[in-house]
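Q: Chains as they are written, first to last, in our numbering: chain C, 33 to 516; chain P, 33 to 516.
Just to be clear, a hint being listed does not mean it is correct.
Since copy identity is lost for identical chains, a pair holds within one copy or between any two.
[Claimed, not checked] Computed cross-link-like contacts, BS3-like style, restricted to lysine-lysine with a CA-CA straight-line distance of at most 27 Å:
#1 Lys90 to Lys311
#2 Lys51 to Lys311
#3 Lys51 to Lys362
No lab work stands behind these hints: they were computed from the structure.
There are 2 protein chains.
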Amino acid sequence: MASSTGDRSQAVRHGLRAKVLTLDGMNPRVRRVEYAVRGPIVQRALELEQELRQGVKKPFTEVIRANIGDAQAMGQRPITFLRQVLALCVNPDLLSSPNFPDDAKKRAERILQACGGHSLGAYSVSSGIQLIREDVARYIERRDGGIPADPNNVFLSTGASDAIVTVLKLLVAGEGHTRTGVLIPIPQYPLYSATLAELGAVQVDYYLDEERAWALDVAELHRALGQARDHCRPRALCVINPGNPTGQVQTRECIEAVIRFAFEERLFLLADEFHSFKKVLMEMGPPYAGQQELASFHSTSKGYMGECGFRGGYVEVVNMDAAVQQQMLKLMSVRLCPPVPGQALLDLVVSPPAPTDPSFAQFQAEKQAVLAELAAKAKLTEQVFNEAPGISCNPVQGAMYSFPRVQLPPRAVERAQELGLAPDMFFCLRLLEETGICVVPGSGFGQREGTYHFRMTILPPLEKLRLLLEKLSRFHAKFTLEYS
Amino acid sequence: MASSTGDRSQAVRHGLRAKVLTLDGMNPRVRRVEYAVRGPIVQRALELEQELRQGVKKPFTEVIRANIGDAQAMGQRPITFLRQVLALCVNPDLLSSPNFPDDAKKRAERILQACGGHSLGAYSVSSGIQLIREDVARYIERRDGGIPADPNNVFLSTGASDAIVTVLKLLVAGEGHTRTGVLIPIPQYPLYSATLAELGAVQVDYYLDEERAWALDVAELHRALGQARDHCRPRALCVINPGNPTGQVQTRECIEAVIRFAFEERLFLLADEFHSFKKVLMEMGPPYAGQQELASFHSTSKGYMGECGFRGGYVEVVNMDAAVQQQMLKLMSVRLCPPVPGQALLDLVVSPPAPTDPSFAQFQAEKQAVLAELAAKAKLTEQVFNEAPGISCNPVQGAMYSFPRVQLPPRAVERAQELGLAPDMFFCLRLLEETGICVVPGSGFGQREGTYHFRMTILPPLEKLRLLLEKLSRFHAKFTLEYS
Numbered sequence: 033m034a035s036s037t038g039d040r041s042q043a044v045r046h047g048l049r050a051k052v053l054t055l056d057g058m059n060p061r062v063r064r065v066e067y068a069v070r071g072p073i074v075q076r077a078l079e080l081e082q083e084l085r086q087g088v089k090k091p092f093t094e095v096i097r098a099n100i101g102d103a104q105a106m107g108q109r110p111i112t113f114l115r116q117v118l119a120l121c122v123n124p125d126l127l128s129s130p131n132f133p134d135d136a137k138k139r140a141e142r143i144l145q146a147c148g149g150h151s152l153g154a155y156s157v158s159s160g161i162q163l164i165r166e167d168v169a170r171y172i173e174r175r176d177g178g179i180p181a182d183p184n185n186v187f188l189s190t191g192a193s194d195a196i197v198t199v200l201k202l203l204v205a206g207e208g209h210t211r212t213g214v215l216i217p218i219p220q221y222p223l224y225s226a227t228l229a230e231l232g233a234v235q236v237d238y239y240l241d242e243e244r245a246w247a248l249d250v251a252e253l254h255r256a257l258g259q260a261r262d263h264c265r266p267r268a269l270c271v272i273n274p275g276n277p278t279g280q281v282q283t284r285e286c287i288e289a290v291i292r293f294a295f296e297e298r299l300f301l302l303a304d305e306f307h308s309f310k311k312v313l314m315e316m317g318p319p320y321a322g323q324q325e326l327a328s329f330h331s332t333s334k335g336y337m338g339e340c341g342f343r344g345g346y347v348e349v350v351n352m353d354a355a356v357q358q359q360m361l362k363l364m365s366v367r368l369c370p371p372v373p374g375q376a377l378l379d380l381v382v383s384p385p386a387p388t389d390p391s392f393a394q395f396q397a398e399k400q401a402v403l404a405e406l407a408a409k410a411k412l413t414e415q416v417f418n419e420a421p422g423i424s425c426n427p428v429q430g431a432m433y434s435f436p437r438v439q440l441p442p443r444a445v446e447r448a449q450e451l452g453l454a455p456d457m458f459f460c461l462r463l464l465e466e467t468g469i470c471v472v473p474g475s476g477f478g479q480r481e482g483t484y485h486f487r488m489t490i491l492p493p494l495e496k497l498r499l500l501l502e503k504l505s506r507f508h509a510k511f512t513l514e515y516s
Numbered sequence: 033m034a035s036s037t038g039d040r041s042q043a044v045r046h047g048l049r050a051k052v053l054t055l056d057g058m059n060p061r062v063r064r065v066e067y068a069v070r071g072p073i074v075q076r077a078l079e080l081e082q083e084l085r086q087g088v089k090k091p092f093t094e095v096i097r098a099n100i101g102d103a104q105a106m107g108q109r110p111i112t113f114l115r116q117v118l119a120l121c122v123n124p125d126l127l128s129s130p131n132f133p134d135d136a137k138k139r140a141e142r143i144l145q146a147c148g149g150h151s152l153g154a155y156s157v158s159s160g161i162q163l164i165r166e167d168v169a170r171y172i173e174r175r176d177g178g179i180p181a182d183p184n185n186v187f188l189s190t191g192a193s194d195a196i197v198t199v200l201k202l203l204v205a206g207e208g209h210t211r212t213g214v215l216i217p218i219p220q221y222p223l224y225s226a227t228l229a230e231l232g233a234v235q236v237d238y239y240l241d242e243e244r245a246w247a248l249d250v251a252e253l254h255r256a257l258g259q260a261r262d263h264c265r266p267r268a269l270c271v272i273n274p275g276n277p278t279g280q281v282q283t284r285e286c287i288e289a290v291i292r293f294a295f296e297e298r299l300f301l302l303a304d305e306f307h308s309f310k311k312v313l314m315e316m317g318p319p320y321a322g323q324q325e326l327a328s329f330h331s332t333s334k335g336y337m338g339e340c341g342f343r344g345g346y347v348e349v350v351n352m353d354a355a356v357q358q359q360m361l362k363l364m365s366v367r368l369c370p371p372v373p374g375q376a377l378l379d380l381v382v383s384p385p386a387p388t389d390p391s392f393a394q395f396q397a398e399k400q401a402v403l404a405e406l407a408a409k410a411k412l413t414e415q416v417f418n419e420a421p422g423i424s425c426n427p428v429q430g431a432m433y434s435f436p437r438v439q440l441p442p443r444a445v446e447r448a449q450e451l452g453l454a455p456d457m458f459f460c461l462r463l464l465e466e467t468g469i470c471v472v473p474g475s476g477f478g479q480r481e482g483t484y485h486f487r488m489t490i491l492p493p494l495e496k497l498r499l500l501l502e503k504l505s506r507f508h509a510k511f512t513l514e515y516s
């Protein structure tokens with residue numbers, strides 16, 4: 033360090049010097065992180081919104097953010113029961129108000145009893161409030177047709193992302209050829225690639241089969257694993273079900289085949305899911321049920337409630353080594369605890385009103401309305417895109433995303449390359465500038481070389497979604513003509 | 033990898049095999065993480081509580097958790113105004129209720145207007161809701177006597193911990209002798225040591241001067257830095273003010289000296305504070321004001337409100353390289369956004385009711401009552417401990433922690449060593465078993481070789497605190513006698 037002292041003094045005399053922390057000197061792993069869902073296209077969308085507010089003339093009057101699965105931002109109303117109970121928890125003075133149903137009050141009292149000092153403002157234990165972990169375990173048991181779940185294997189988290197990062201952190205070890213490799217689907221949700229980059233692990237891509245509705249093919253897993261073993265040590269396999277960004281739901285047969293593959297190849301399974309790898313694993317019996325290591329993630333942002341802002345989530349670990357599980361708890365404890373309001377919300381999601389409760393009828397009606405509208409939107413999306421020449425879209429089965437494939441004319445691809453942009457990024461940027469529609473290019477999630485996609489949520493209100501789909505299809509036709 | 037295939041097949045045949053993820057094979061950096069605040073002593077406290085519930089006889093009737101700064105868990109009531117506004121935000125149906133003051137309703141409407149879909153359930157932008165960042169900037173300006181703060185330099189976070197980890201992540205680079213070194217105070221809050229271990233950075237200890245009320249001495253910074261430069265590349269200096277666990281407040285002179293040191297030695301400054309390094313930095317003028325890089329952290333768990341469970345926090349960065357700042361935003365975007373209820377709460381903390389608002393009188397009365405009680409508790413703690421032979425305690429100035437020093441007799445030290453325990457861990461475990469008082473041994477925070485301490489929060493209600501202090505002092509006397 034001594035050599036820099038002279039430069040330093042001189043710089044101080046001149047009153048000018050380089051920053052201590054610069055792009056060149058910073059953490060190289062962080063520099064390699066990419067996260068398209070909130071990348072340059074979203075930055076540009078923000079700027080356009082600002083310009084619109086300032087009265088700048090545009091060919092559109094509003095930016096439609098179909099880039100992120102954020103249901104309530106798109107106008108979905110929160111489920112009344114969830115918010116009633118939460119308000120009671122936040123401000124227990126309301127427990128004496130006649131304006132809340134009795135079951136909402138009972139649920140709030142039950143949650144507050146389980147909080148330190150009977151307040152959401154106290155820290156919880158790092159793994160989450162015990163009562164809520166027990167409720168999550170019971171929810172998992174119901175979901176899995178009675179297969180037992182142990183609350184001690186359930187850890188609450190700050191959204192699913194937090195828990196996924198924690199489990200990946202445990203797995204990372206080695207240097208050079210022994211570095212941990214992690215198999216992830218392509219296309220993938222970029223939390224995975226970002227986290228692996230940050231941790232210095234090796235990302236091992238396996239491709240989903242677009243021709244078969246984004247099916248997960250075990251032969252492709254074998255191919256990816258075989259190639260990866262030349263330069264790293266694969267230790268884990270990530271599955272996203274329903275797919276994100278691709279929206280498909282894996283079949284039971286596929287899940288069984290994936291479990292067998294993971295077991296035989298000694299891979300830790302990470303399942304980011306509503307549906308249950310655990311149920312299938314347990315029903316497969318020995319040697320899988322008692323041995324295959326699995327972490328299964330869920331969050332309050334998924335499903336009918338769409339409560340993204342609360343950042344509630346959990347992971348259930350199955351067959352995890354007890355000492356490693358202790359280490360996981362230790363690691364979680366450094367961050368003290370997940371946000372307690374998010375924990376409370378998760379509790380309500382996993383144990384909604386029972387048929388005999390006063391809130392049941394309204395709760396059920398609201399939930400069904402959301403689910404019915406999502407189903408209609410999924411159908412509409414698939415239909416409009418598949419009618420448009422040069423766009424094709426697999427069925428949107430269990431998620432709020434579609435991942436249509438677009439044909440881009442060779443001249444558009446060339447023009448993008450001249451601009452230093454991925455061709456689908458070029459398409460999405462032009463789409464945004466001309467229509468105000470914000471979607472994320474497929475290159476941000478990964479895709480087969482030479483194919484182009486974008487991820488679009490199906491969350492805008494039905495009539496707005498119809499207009500959006502038609503506008504997008506027309507833009508694609510115009511874009512294709514322009515570059516033909 | 034091929035060599036393990038035979039073993040694997042055999043193990044599969046026998047239906048038994050080693051886990052994929054074991055203690056030996058897991059991330060070695062994670063294994064090295066230690067976090068005493070929620071370590072073995074807290075685990076034991078949990079077990080004791082369970083035993084008490086099961087009716088097991090103990091020499092005490094309850095476990096008193098003085099291990100963590102968790103005000104509401106210790107019975108402190110939330111500030112009414114904060115919870116009213118939050119309840120309105122959570123359940124906007126309440127906006128038509130006559131039972132909320134007008135200013136609370138206006139504040140809730142203002143926050144909801146700034147949320148996606150006017151709901152706390154939508155994601156915010158990754159750096160936090162723009163309106164709240166602006167409110168934080170205005171709060172910082174008021175705090176600093178008008179020195180400007182730019183909302184674009186304010187990033188909201190999941191508690192302060194999250195933001196501290198993010199900034200440390202940016203700084204970590206290099207291998208071997210060029211690995212990033214980070215100076216941290218000893219005693220320290222173990223988030224720092226835990227994070228540096230996890231990131232593979234070098235922890236560089238500088239000792240606070242217990243004889244001078246835990247003062248930060250620049251000569252000691254020079255010593256620590258000089259030694260560190262032999263084996264790593266020191267790039268950052270962390271200051272905790274008021275001290276945690278030590279509770280002292282640094283003087284203006286000290287802050288100036290630290291800034292000059294950081295500037296001359298080219299260290300990025302991280303200040304975990306209520307008080308303002310930024311104000312001092314700006315008032316020092318050139319070359320410091322325009323160049324010294326600083327990140328200053330704050331959270332809703334600190335101060336009179338004690339809203340720990342909401343995990344609200346922020347960091348303000350000063351003089352950070354613009355490209356690095358973009359990288360920081362990118363890194364934050366991978367986790368989508370901090371919990372929105374915590375952001376809303378932070379907004380209320382930084383912009384409390386004005387004197388003309390209907391809620392002002394009650395807000396002010398509640399706030400002053402909390403602060404007055406904390407001051408009384410700080411005084412009482414210092415007094416009782418300093419009257420006890422073999423215990424000494426520096427003034428508790430600006431935090432909710434005390435860090436008293438205890439004399440332990442040589443035979444107790446030997447006994448601890450036989451048991452493989454740090455001597456103060458041995459003392460604290462015995463204290464817990466015999467009195468139910470849970471405090472954290474000084475060894476969990478670091479301390480000068482041969483000295484022993486514990487961290488104790490001063491948060492229990494005043495009368496309970498008095499009993500606790502007396503019980504603890506008596507236990508120490510008995511312990512000393514037993515081992516003399």
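Q: Now, for every hint given, state plainly whether the structure supports it.
A: Hint check results:
1. Taking identical chains as interchangeable, the C-alpha atoms of Lys90 and Lys311 are never at most 27 Å apart, the minima being 52 Å within one chain and 43 Å between chains.
2. In this assembly of identical chains, Lys51 and Lys311 lie within 27 Å of each other by CA distance solely across copies; the values are 20 Å between and 54 Å within a copy.
3. Only between protomers do Lys51 and Lys362 lie at most 27 Å apart by alpha-carbon distance; the minimum there is 20 Å, versus 35 Å within a single protomer.
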